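S.K.: Those protein sequences? They're chains A and B, same order as listed.
Heads up, the first sequence is in my numbering, so the first residue is 1 and it goes up one at a time.
Heads up, the second sequence is in my numbering, so the first residue is 86 and it goes up one at a time.
For the record, the hints were derived by calculation from the structure and aren't laboratory data.
Given the structure is predicted, the values throughout are model-derived calculations rather than measurements.
Check the hints yourself; a few may be wrong.
If you anchor each label on the Cβ, the simulated ranges turn out as follows [claimed, not checked]:
1) B:L194 <-> A:L17: 42 to 50 Å
2) A:V56 <-> B:I159: 38 to 46 Å
3) A:L26 <-> B:C196: 55 to 63 Å
4) B:A140 <-> A:L72: 33 to 41 Å
5) B:R93 <-> A:L71: 40 to 48 Å
6) A:A20 <-> B:G181: 54 to 62 Å
7) A:L40 <-> B:V98: 19 to 27 Å
8) A:T38 <-> B:P202: 44 to 52 Å
9) B:D172 <-> A:A20: 47 to 55 Å
10) A:W34 <-> B:E203: 36 to 44 Å
So the derived list for chain B, only partly shown, Cβ under 10 Å to chain A, looks like this [what the hints assert, rightly or not]:
11) L117
12) A140
13) H142
Listing some non-contacts, in silico: residues in chain B with all C-beta distances to chain A over 12 Å [claimed, not checked]:
14) F119
15) L136
16) G138
17) E141
18) L157
19) R166
20) G181
21) L183
22) I224
23) A225
24) R239
25) W243
In this text, a Cβ means the ideal position worked out from N, Cα and C, and glycines have one as well.
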Amino acid sequence: MSAPVRPHRPSTWQMPLVMAALTVGLVLMALQLWVLTTALDLLLGGHPDQVWQLTVVSGVIFAGGLGVLALLRRPDRGPPFRPDR
Amino acid sequence: MSDDAKDRKPGWVEAFPYHWDSDDLVARRELLHFAVYASGALFAGAAAMALIGRAEHASKVAPLRIARVDALPIGQAHYFRFPGPEDEAMLLHLPGDLFVAFSQRCTHLSCSVVYQPERSRLFCPCHEGVFEPRTGEPIAGPPRRPLKPIAIRREGAWMVAVGEPA
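So here's chain B without its partners, still in its complex pose (with noise of 0.2 Å):
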């Protein structure tokens, strides 16, 4: 065998310089590199839902009067805007004198909620979601998270909402 053919290293030397003692240890390592990194990614996106649910509740909306007490009998539910122009909403006057609030978003695929007092509860027509009209709730249907409640509270003859629950 020339000399030549002797130093020319095989391929695969150049490709994986690993002795194969060495190689299972090198792998686990940077697996375990890898799972430190992704583990960093879950984090940041973990702090930066914080830092925006933050930043939400932080932000200061503008009390919005609803509708007058004396104007919306137990069992009625009155609709209207809030936070903003586009962000239907509804108030409840439950049997109890309770008045709850919340947004008409159903927390499946976002369709608007409806009050259905006769069956005393808050129904979803697009995909019969059904949600418990004190605590917003999920009770049936696709939904899992309760539905987004709003502040409210009384001034005089008036509901007014106030913003999100702290």
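Only chain A is shown next, with the shape it has when bound in the complex (with noise of 0.2 Å):
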């Protein structure tokens, strides 16, 4: 019988950055939120030429997102640990 294979274990790095990412980018999307309920209304209130300017925030912070999960791109573990082998 073969020693079971270790599964890839975050490095102490990894795990603080994953929250610290998280709690960053709910926070944020909170403001995201905001943005959109604040273009509606510029919309309906009749200003729509600064709608421009809260989508570019918007767009902002989606590309941070996007910045964050190449940043933390999950490297190769290779085949799952099965505790039973």
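Using the hints, build the complex out of the two chains.
M.R.: Put into structure tokens, the structure is as follows:
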């Protein structure tokens, strides 16, 4: 019987980074939701020219999220760990 | 214990094939992915609104003669339809010889707003919303957004509606 394959354990800096990214990401998402409601308010209020600025803000937040995803790309872990083998 | 029983994997291993060490990381990464997708959806919504606003702004409406200047004394309102036949609007002649025009549609629940010169206000009778007549800003009641303004200009003896303000 072969020894079980140990899983890739997250390095010490990865977990705090993921937690920080999640926290900041959720706060920014709340901000983005507020931006969306404000954009709707401006559109219905007859000020569509200002919606573009809010769209840019929303786009920057989205691009930041994509950047975080790229930064935290998971390394190849190999086969999954089977504790019963 | 037989070999068959030894080789049989517990059901939970098939359903959740992650070691406990990596469990948290997987769940958080998945949440992060979900958050980024939701962020993209919110961005798409904001961009769609910007495009709709741009399209509405770019659509040209034919100028409309509203009323003769001398037929509308100070403190009076003239009600008309603009830009479409279903769009109720009003032209106000305010003290200081100031002309302003707004959509009559209340920004709360779309009832028709009327001008009350004796109280210097625009009033929505449905839910008692009050707007400031010079700017269309809400000052009392449930409305939170200003009335939609209409751009006007004076052409000789006539006030003409030309569209939405730039």
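S.K.: Quick one: work out the minimum CB distance from L157 (chain B) to chain A and report holds if it exceeds 12 Å, violated otherwise.
M.R.: Since the minimum Cβ distance to chain A is about 23 Å, L157 (chain B) lies beyond 12 Å and the statement holds.
S.K.: Does A225 (chain B) clear chain A by more than 12 Å, comparing its Cβ with all Cβ atoms of that chain?
M.R.: The claim holds: A225 (chain B) sits with its nearest Cβ about 17 Å from chain A, beyond 12 Å.
S.K.: Confirm or reject: R166 (chain B) is not an interface residue toward chain A, with every Cβ-Cβ distance exceeding 12 Å.
M.R.: Its Cβ never comes within 12 Å of chain A, the nearest being 17 Å, so this holds.
S.K.: Cβ-Cβ distance between V56 (chain A) and I159 (chain B): within 38 to 46 Å?
M.R.: holds, 43 Å
S.K.: Checking the smallest CB distance to chain A, is I224 (chain B) really beyond 12 Å?
M.R.: Holds, because the least Cβ-Cβ distance between I224 (chain B) and chain A comes to about 15 Å, which exceeds 12 Å.
S.K.: Minimum Cβ separation between F119 (chain B) and chain A greater than 12 Å?
M.R.: violated, 10 Å
S.K.: Can the hint on A140 (chain B) be confirmed by a CB-to-CB distance to chain A that is less than 10 Å?
M.R.: Holds - the Cβ of A140 (chain B) comes within 10 Å of chain A, reaching about 9 Å at its closest.
S.K.: Quick check on L117 (chain B) please, does its C-beta sit within 10 Å of some C-beta on chain A?
M.R.: holds, 6 Å
S.K.: Minimum Cβ separation between R239 (chain B) and chain A greater than 12 Å?
M.R.: Label holds. Min Cβ-Cβ 21 Å, cutoff 12 Å.
S.K.: Is the gap between the beta carbons of A20 (chain A) and G181 (chain B) within 54 to 62 Å?
M.R.: holds, 57 Å
S.K.: Grab the minimum beta-carbon distance between W243 (chain B) and chain A and tell me whether it stays above 12 Å.
M.R.: Non-interface label stands for W243 (chain B): nearest chain A Cβ at 24 Å, farther than 12 Å.
S.K.: Decide, holds or violated, for the assertion that all CB atoms of chain A are farther than 12 Å from the CB of L136 (chain B).
M.R.: Its Cβ does come within 12 Å of chain A, the nearest being 9 Å, so this is violated.
Hint violations for this structure: numbers 3, 7, 8, 14, 15, 16, 17, all remaining hints satisfied.
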